[in-house]
Structure formats: structure tokens, C-alpha cells
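Colleague: For chain A, the structure is supplied; the task is to place chain B on it using the hints.
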Amino acid sequence: MSTILECKGLSHSYGQKKALDDISFTLESGRITGIFGPNGSGKTTLIKMLAGMIHDDKNAVTICGYPVGAGTRAVVSYSPDRVMYKADKQISDIMDSYEIMFDDFDKNAARQFLDEFGLDEKQHVGELSKGSAAKLQIILTMSRKASLYLLDEPFSGIDPVAAESIIRIMLKSIPDDSSLILTTHQISQVEQIIDEAMFIKDGRLILHEPVEDMRDKNGKSLTDAYLEEFR
Amino acid sequence: MNRLDRLEIKETKKIMLLLITLVAAYNLLAVLCSVLSNISASDAPFIMKVILMMISALGVVCAAVIMIARFYGILFTDEGLMRFSYPVEKNAHLKTNVKCGLMWLFAMITIIVAGLVISDAVTKREVEDWGAGNLYRNLAEHYAGNYLSAPSAKALLTVIICLIALAVFVINIYISFIFTLTMSSRICGKYNILQKKGVIFITGIVMFNIHLITVEVMSRIGAAFYANYDWLDLFERDGVFVELIDRSLANIIVYGITAIVMYRISKTILDKKLDI
Numbered sequence: 287m288s289t290i291l292e293c294k295g296l297s298h299s300y301g302q303k304k305a306l307d308d309i310s311f312t313l314e315s316g317r318i319t320g321i322f323g324p325n326g327s328g329k330t331t332l333i334k335m336l337a338g339m340i341h342d343d344k345n346a347v348t349i350c351g352y353p354v355g356a357g358t359r360a361v362v363s364y365s366p367d368r369v370m371y372k373a374d375k376q377i378s379d380i381m382d383s384y385e386i387m388f389d390d391f392d393k394n395a396a397r398q399f400l401d402e403f404g405l406d407e408k409q410h411v412g413e414l415s416k417g418s419a420a421k422l423q424i425i426l427t428m429s430r431k432a433s434l435y436l437l438d439e440p441f442s443g444i445d446p447v448a449a450e451s452i453i454r455i456m457l458k459s460i461p462d463d464s465s466l467i468l469t470t471h472q473i474s475q476v477e478q479i480i481d482e483a484m485f486i487k488d489g490r491l492i493l494h495e496p497v498e499d500m501r502d503k504n505g506k507s508l509t510d511a512y513l514e515e516f517r
Numbered sequence: 016m017n018r019l020d021r022l023e024i025k026e027t028k029k030i031m032l033l034l035i036t037l038v039a040a041y042n043l044l045a046v047l048c049s050v051l052s053n054i055s056a057s058d059a060p061f062i063m064k065v066i067l068m069m070i071s072a073l074g075v076v077c078a079a080v081i082m083i084a085r086f087y088g089i090l091f092t093d094e095g096l097m098r099f100s101y102p103v104e105k106n107a108h109l110k111t112n113v114k115c116g117l118m119w120l121f122a123m124i125t126i127i128v129a130g131l132v133i134s135d136a137v138t139k140r141e142v143e144d145w146g147a148g149n150l151y152r153n154l155a156e157h158y159a160g161n162y163l164s165a166p167s168a169k170a171l172l173t174v175i176i177c178l179i180a181l182a183v184f185v186i187n188i189y190i191s192f193i194f195t196l197t198m199s200s201r202i203c204g205k206y207n208i209l210q211k212k213g214v215i216f217i218t219g220i221v222m223f224n225i226h227l228i229t230v231e232v233m234s235r236i237g238a239a240f241y242a243n244y245d246w247l248d249l250f251e252r253d254g255v256f257v258e259l260i261d262r263s264l265a266n267i268i269v270y271g272i273t274a275i276v277m278y279r280i281s282k283t284i285l286d287k288k289l290d291i
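If you're matching them up, the sequences are chains A and B in order.
Here our numbering is used: the first residue of the first sequence is 287, the next is one more, and so on.
Here our numbering is used: the first residue of the second sequence is 16, the next is one more, and so on.
Just chain A, with the same shape it has in the complex:
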């Protein structure tokens, strides 16, 4: 295992409001990490900074040894918290864009997933239900052979069956030496699949532990630990 992500003293403010406050952590390859916290705690800001969409002045984050930038965006696959494409956009057009922009995008794999989950390339984004749109976003993200996957709220507003499908796509397509970070409020749904958990409160990282250690040391499930911390 090698260090795939290193974060040292990452901070960010929106005007006067501090969204992230001196966050430091490292992530090894081959790990699935869940980031948990209440609304407005800074999860999405953290994900966006790791994805390189929010500028990091101090180069506090390095991915595969390089500061976040155009180079790291080539090895990081990002899924936002909602489908960002216009309603009139065809799935095939979005796939063509991914094929042009990302060398590691596997169009055949994406097509297989689309077939498996009953989606048609010729469909427009506006025709999809919320669950189908979420699946599409995950299919596009996970069809890349990236070193780091960043999924922001992949289960937001979708039913448990669709959530299960999304987990299936995630586990099926993630390469062994790649890492995955996801943020979610559905802790019970991901507790069995994540290796590490991070708790963020008011922009500060208050816990970063392997889930197994949490269970063995404290005898608590992840859900119990979360409720205890944030109640």
C-alpha cells in the first residue's frame, strides 16, 4: 500500500465563514473512506478541494505526490452531489465528452453498466428518475480507471434498492489499488463496505479511524459512534 493522498493543514473560507479549518489526514491506496458529518460541516467543500474544483492556495493537498491541479484531475474521478447535466443532454453525448477528456474512461464498461441498470444511451438526462440519474452519475464516475474516486452524497434522495445498485457498481468497478472517498448521511448503508471513517464537525476533522478499530476498541458500530458524537 502506498500513500495516495496527503492533506496537511487544509483550510478554506467562504467570505467570513470558515468552511474547513486545518484539516490533516493521509489516505493509503486500496482503501474506501467515508466522510460523515452534519449538513454544513464542510464535507462537500473538502471533496471539491480534493477534486481541484476549489482553488487551494497553499497546496495543502497532494495526490499521488503532486499538488492538486490539472495533473491530479487526470487521476481523480469526481461525482458531485447531484446530476449536473442539462435536461436535454443525451447520455451518449455525455459519454462522448468523457471519452474525449479522460484517457482512462472505459466506454464499453459504461455501456455494460447502462444495460445492466436498464438505461439507454439515447435517453436524455431530463427523462431519468432521480434514482436513474444518480446511477448514471456513478456509472460515469466509476467507468474511469482512476487512482482516487470522490463521491459526494451518492445516495442522496434515492431508495434503498437503487442505493444497493450503486454500491454494487462501486464495488464491481473500483480497481484494487485505487481508493475511494464518499460522503453520505446514510451511514448504515455504507458501514459494511468502508474501511475508514472520518467525522467532520464545523469544518474540523474530529475523528479519523479504521471502522474495525472503532468496533473492536469501543464496541460501537459506526452509526452509534456518529450519534454519540453529533447528538
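Hints listed in this document are in silico derivations from the structure and should not be mistaken for laboratory results.
Being a predicted model, the structure only gives us computed values, none of them experimental.
Where is the CB? At the ideal position from N, CA and C, for every residue including glycine.
A couple of the hints might just be wrong.
[Unchecked claim] Distance condition first, Cα-Cα at most 27 Å in a straight line; then the derived DSSO-like pairs of lysine-lysine:
1) B:K212 to A:K303
2) B:K25 to A:K375
3) A:K303 to B:K205
4) B:K282 to A:K344
[As the list claims (entries may be wrong)] Here are some of the chain A residues that sit facing chain B, going by a computed Cβ distance under 10 Å:
5) D343
6) T358
7) K375
8) D379
9) D382
10) F388
[What the hints assert, rightly or not] Listed next, with one range per pair, are the computed distances between beta-carbon atoms:
11) A:A373 to B:E156: 57 to 63 Å
12) A:T509 to B:N224: 57 to 63 Å
13) B:L96 to A:N504: 38 to 44 Å
14) B:I228 to A:F516: 52 to 58 Å
15) B:K29 to A:R517: 54 to 60 Å
16) A:E450 to B:I225: 53 to 59 Å
Modeller: Coordinates of chain B only, in the frame set by chain A:
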């Protein structure tokens, strides 16, 4: 061509090729009207030609609006935000939009200019003798009539410099819109302003006033050159020649520099190195 350029062309080529086809069709009809005006006693074909050329010029406006709207989408919409997850520098989106936007614009302008030149060349009506398409021929005759040496070469030089000035002006106008959007996005982001369209409107007003000042500066520079054309003896003191060259050169300098400055500031804003 880099991959972002390829993507931009792929996403815009359908609508742009349609616009280009329409512009070409209107220009062809304008040429036909010029031919008809030679055999018809009525002014109708000439009037029709003018209307068709004006409509085809709208194609250029449509193309500019489409490309500027695409840049607005990159800065202010969710889909545009996703583009910042692409493996390119952030300012590459600016470069690509300006490159592709100007490419489509100049493709259409070239068709319109070609249409003007051809329709003025085929017409035998006196009223169209001084049309834009006959600029070179009329300048060459004028310079020859004023006993300038090498009148054809000087006429060609005048036309080329005027066309460059027109091109620089078009580039400046396009980059002004892009700059307005970039500045607006920075202001909205820095001060957490949600009324994005309001900020764009106000920034646009400010930019328009800056343009008025630029035009005034350009006119005064042009007038100063014209008043002091003694040092331009090599142009043999022909009024039309010197004035056209002077004003065009002043245009190129003033609009060229402001376009470069606006582009560089936009690039820096996108790289988030500049706090406004």
C-alpha cells in the same frame, strides 16, 4: 488541437455549421440580387440585396451570443462547474472559448466579406460603385488619380490594414463580453452575491462606458496623427490614404492592447490568483 478544443468544436459544430450555411445562402441570394439589379430597372433587387446582407450579418451576432452564452454556462451553471473537474488548467476553458468563438465568428465574417466583394464586382449600378466590396478598386483609382506612386500596392495595404483593424475590433468586443462574465463571477464568488444576473448587468454597463472612453481616446489619437501627418511623408500626404491608415493603426493599437489586458485579467481570475 487539444482535447478541450475538440470537445468545444464537437459541441458547437452542429449549430454553427447550420448558421454558416444560412449565412452563405443569404449571401448567395444577395449576389443573385446584384445580378438581377443589372437587368431590372427597379430598385427592388438592390434593396433586397441590402436586406439579405443585413440578415446574414445577424448570423455573426447569433454565433457570438451562442459562444458567450456557453462561457456564461461554464462560470455560472452546474454543468459548467463540472468542466472544472476536467484534467486541464482552469484558464484553458477561457482559451478554448475565445479560440473557438473567434474561429466561428471569422468564418462567418469571411463569407459575408466574400459575398460583399462578389456582389459588388458583378453589379454595374453606379450607386454600388462605392460599396464595401469595391474598396480596393476605388482606393487604387483614387491614389492613381492623385499621382501616388504604386497606387495598387498602397490600396492593397490600406485594405489589409482596415481589415486587420476590423478584426481587432471584433476580437475586442468578444473578449469584452467574456471579461464581463469573468469579472462578474469573481465578484459574485468573493462577496457571496446570489444576484448573478444583476452583477453581470452592472459590470456590463461599466464595460460599455470603458469602451466609450476607449473610442474617444482612439479618435483623439487618430486625430492627432492626422493633424501631424508631416512625419508620414512617405505616404505622400494623400488625405484619404493617411487618414484611413492612421485611424486603423490607432484602432489596432488601442483595441488590441485593451483586448490583451482584458484577456490576461480573465486568465488570472480563472486561476484564482487575483482577488478583486
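Colleague: Now, for every hint given, state plainly whether the structure supports it.
Modeller: A quick look at each hint next to the structure:
1. Distance check on the hinted pair: K212 of chain B and K303 of chain A sit about 24 Å apart at the alpha-carbon level, within 27 Å; holds.
2. At roughly 14 Å between alpha-carbon atoms, K25 of chain B and K375 of chain A fall within 27 Å of each other, so this suggested pair holds.
3. A distance of roughly 12 Å separates the Cα atoms of K303 of chain A and K205 of chain B; the hinted pair therefore holds under the 27 Å criterion.
4. Using a Cα cut-off of 27 Å, the hinted pair K282 of chain B and K344 of chain A holds, with the two alpha carbons roughly 20 Å apart.
5. At its closest, the beta carbon of D343 of chain A sits 8 Å from a beta carbon of chain B; the interface hint therefore holds under the 10 Å criterion.
6. Interface restraint check: T358 of chain A against chain B, minimum CB-CB distance 8 Å, threshold 10 Å, status holds.
7. For K375 of chain A, the shortest C-beta to C-beta distance to chain B is roughly 8 Å, which falls under 10 Å, so the interface hint holds.
8. Of the supplied interface hints, the one on D379 of chain A holds, with its beta-carbon coming within about 8 Å of a beta-carbon of chain B, less than 10 Å.
9. The restraint placing D382 of chain A at the interface with chain B holds, with a minimum CB-CB distance near 7 Å, inside the 10 Å limit.
10. A hinted interface residue such as F388 of chain A counts as satisfied when its beta carbon comes closer than 10 Å to some beta carbon of chain B; here the least separation is about 7 Å, so the hint holds.
11. Judged by the Cβ atoms, the range 57 to 63 Å given for A373 of chain A and E156 of chain B holds: they are separated by roughly 59 Å.
12. In this structure the hint that T509 of chain A and N224 of chain B lie 57 to 63 Å apart at CB holds, the actual value being about 60 Å.
13. The given range of 38 to 44 Å is respected by L96 of chain B and N504 of chain A, whose C-beta atoms sit roughly 39 Å from each other.
14. Taking the beta carbon of each, I228 of chain B and F516 of chain A are about 57 Å apart, inside 52 to 58 Å as hinted.
15. At roughly 55 Å, the beta-carbon separation of K29 of chain B and R517 of chain A lies within the given 54 to 60 Å, and the hint holds.
16. Restraint check, E450 of chain A to I225 of chain B: a C-beta distance of roughly 57 Å satisfies the suggested window 53 to 59 Å.
Figure legend: structure checked against the earlier numbered hints; every hint is met.
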